[in-house]
Amino acid sequence: MSWFSRKKPKLEEQVSDEERKVKTEGIFVKCVECESPLYRRELKESFQVCTHCDYHFRFFARERLDTLFDNGEYEKLDEEVISGDPLEFVDTKPYKDRVEAAKKSSGLPEAIVSGKGTIGGHLVYAGAMDMGFIGGSMGSAVGEKITRLIERAIEKRGAVIVFSASGGARMQEGTFSLMQMAKISSALAILHDARLPFISVLTDPTTGGVTASFAMLGDVIIAEPKALIGFAGPRVIEQTIRQKLPKGFQRSEFLLEHGMVDMVVDRRKMRDTIIRLLNFMMNEETAK
Amino acid sequence: MENDFNKQAIERVQTARHPSRPYALDIFSSIFENFVEIHGDRRYADDPALVCGFAMLGDEEVVVVGQQKGRDTNQRRLRNFGMPKPEGYRKALRVMKLAEKFKRPILSFIDTPGAYPGIDAEERGQAEAIAFNLREMAGLKVPIIVVVIGEGGSGGALAIGIGDKVLMMENSVYSVISPEGCAAILWKDAGQSARAAECLRLTAPDLLRYELIDEIIPEHSVWVVDRKEADSDSESSFDSIGENLKQILQRNLEELNKMDENQRMKNRYNKFRKMGAWIG
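Respectively, the protein sequence lines represent chains A and B. Here the working numbering is used: position 94 in the first sequence is 94, and no number is missing along the way. Here the working numbering is used: position 219 in the second sequence is 219, and no number is missing along the way.
DSS-like mimics (lysine-lysine), calculated; alpha carbons at most 30 Å apart, straight line: (1) B/K188 <-> A/K93; (2) A/K247 <-> B/K188; (3) A/K116 <-> B/K266; (4) A/K156 <-> B/K141; (5) A/K93 <-> B/K7; (6) B/K188 <-> A/K244; (7) A/K156 <-> B/K266; (8) B/K274 <-> A/K116; (9) A/K103 <-> B/K274; (10) B/K188 <-> A/K103.
Partner residues aside, some chain A positions facing chain B, computed with beta carbon under 10 Å: (11) D91; (12) S140; (13) K145; (14) T175; (15) L255; (16) H258; (17) G259.
Just so you know, these hints were derived from the structure itself, not from any lab. Computed from a predicted structure; not experimentally measured. Ideal Cβ positions, reconstructed from N, Cα and C, are used throughout, including at glycine.
Excised from the complex, chain A in its bound form (with noise of 0.2 Å):
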C-alpha cells in the first residue's frame, strides 16, 4: 500500500493540453531565416521583412500595390480578365478546377493584379505577380494584362512597373502560354521605342518564361534580396550537370555579381527607390 493516495482527480483531467496551450497562431510568425518569432502585424508594418535579419516574406500582390502608389490610392485594371482553357488540359485534375481553386485560396483572379496610379506624382501603370495564383504562372490572361498595361503606358504616356513572381509560363496553356513571352515583349518594344520607361523588379522566385521575356527587359531591374532568379530551375540545372549547385547561386546577389540586375534593394526602400528612377526617366522632354 502506497503512502499517499489520491483523493482529488487529476489536474490534467480538468483542464486538458488543448486549452491550456497559449494561442498564438495569427500572431506571431516564426522567421524563417533567422528563427526569431516576430509579431505579425510588425511584420506587416515592415512589408514583411524580418526585422532582426532583413529575410523578406513572400509579399501579396495586392499588398504590393497598395504599399506602391502615393497615398496607396489606385485604380484597379482589368479584374475581369481571366483565364480560358484552349487546350482543355486535365492533369490530376482539370485546369478549370484548378484555375477555380487558386482563385478561392488566393482571393486573386488571376496570377497578376494590376493597377494605375501616381507615384512620386508621375503616371504609372503597374502590375504584381502573386506565387500563391498557380505559382504565379504566367497564362493567357497574365500575358493580355501585362500588354493592356504597356499599350496603356504607351497612350497616356505613362511608366511601366512590374513585380514578378512565377515559376514561368503555364503549362496547362501549351504554346499559348509561351506565345505570352513574344506578345509581352512586342509591345515592350513599342514601349521602348517610345521612350518610356520599364522597371522590371525581380522577387522570389523569378524563372523560367518571365524570366526570359519581360523580367529581364526592364530599362532598370530591381531585385529583391536573396531571390531566386533565373531562366532554369535549380532543379532542372542539378539534372541537367548532375551536381549540386554552389550556395547562392541564382540568387539576386549572384545575379548583381554577374551584371545581371543593376541593384538589390530592400523592400522597405523599394518605393523610395522607384520615385527616384521615375524622376529620372520621366523626362518632359522625350513626351515631345
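Starting from the structure of chain A, add chain B where the hints point.
What follows is chain B alone, placed relative to chain A:
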C-alpha cells in the same frame, strides 16, 4: 498524298527528334545556295548549337539562322544537343541586325529541345539573351519567316521565333515544355510523356487550328537526310519535301517583300498581340 493529321502527338514528337531528320545545316546546304557561315557573338564565344550565315534562296540574298543538332556522339557534344547558350542567341541577333542593315530578309529555322540549362549559361544571362532577342526581333524592319523544322522547345525556340510568318513542318512540334518535363511535374512520372504530349497540343495541325502558326509544310513521306546507302527511291523525300519547303518560303517571302514596311510591322505586332485565350 495524304496528311495523317490524326497521328498521335507522341509519334510526332519522336519523328521531330529523329536523328536522321534534316537539321538546319542540311537545309542551308540543300535548298539554299552559296551559304557562308558567320561566327561568334563578339562578346564571349561562338556557339556551335546555333548556326547563322548568308545564303541565297533562288536569286535572293537572305540571312539564315537556326539551331543545329549533331548526328553522332562527337557532333552531339559539339552542338550541345542543339541547346544554345546565351552567346548563341546573341550571335543570332547580331547576324539578324546585319540583315536589317543590308536590307535582307531573315529565315529562321527552329530545332531545339530548349535553351541550355547550365551554370555557365545562367551566369552569362540565358534569360536576358532570350528576352532581348524577343524584343529586338519584334522590331527588326526586314521580313522574317520562321520555320519549325523539328523540335520547338519553349523559350529557347522562341528566341529566334518572332516573325511575320511562322510555319511548321508537318511532323515538327512546338511546345512550352517538353512532354517529359510536363509529365514529371504534373504526374511526377516522366513515363507519362505520351499523355503529356497529347495534352499539350504541340503538333502542327493543333497549332494551326489555334491560329498560333500560319501554315503547315506537308511531309508526304518520312523526311530524312540523303544517305548513299539509303534505298534507291526515284526521288528522295529529302529533295521533294525540301523543294516544296523552298517554294513555300519563296511564296511567303514574295508576299512580304511586296508589303509596305509599316504595314508589315503592324501586322507582325497584331499577329502576336491576338494570341491568347482569355475571358473578359
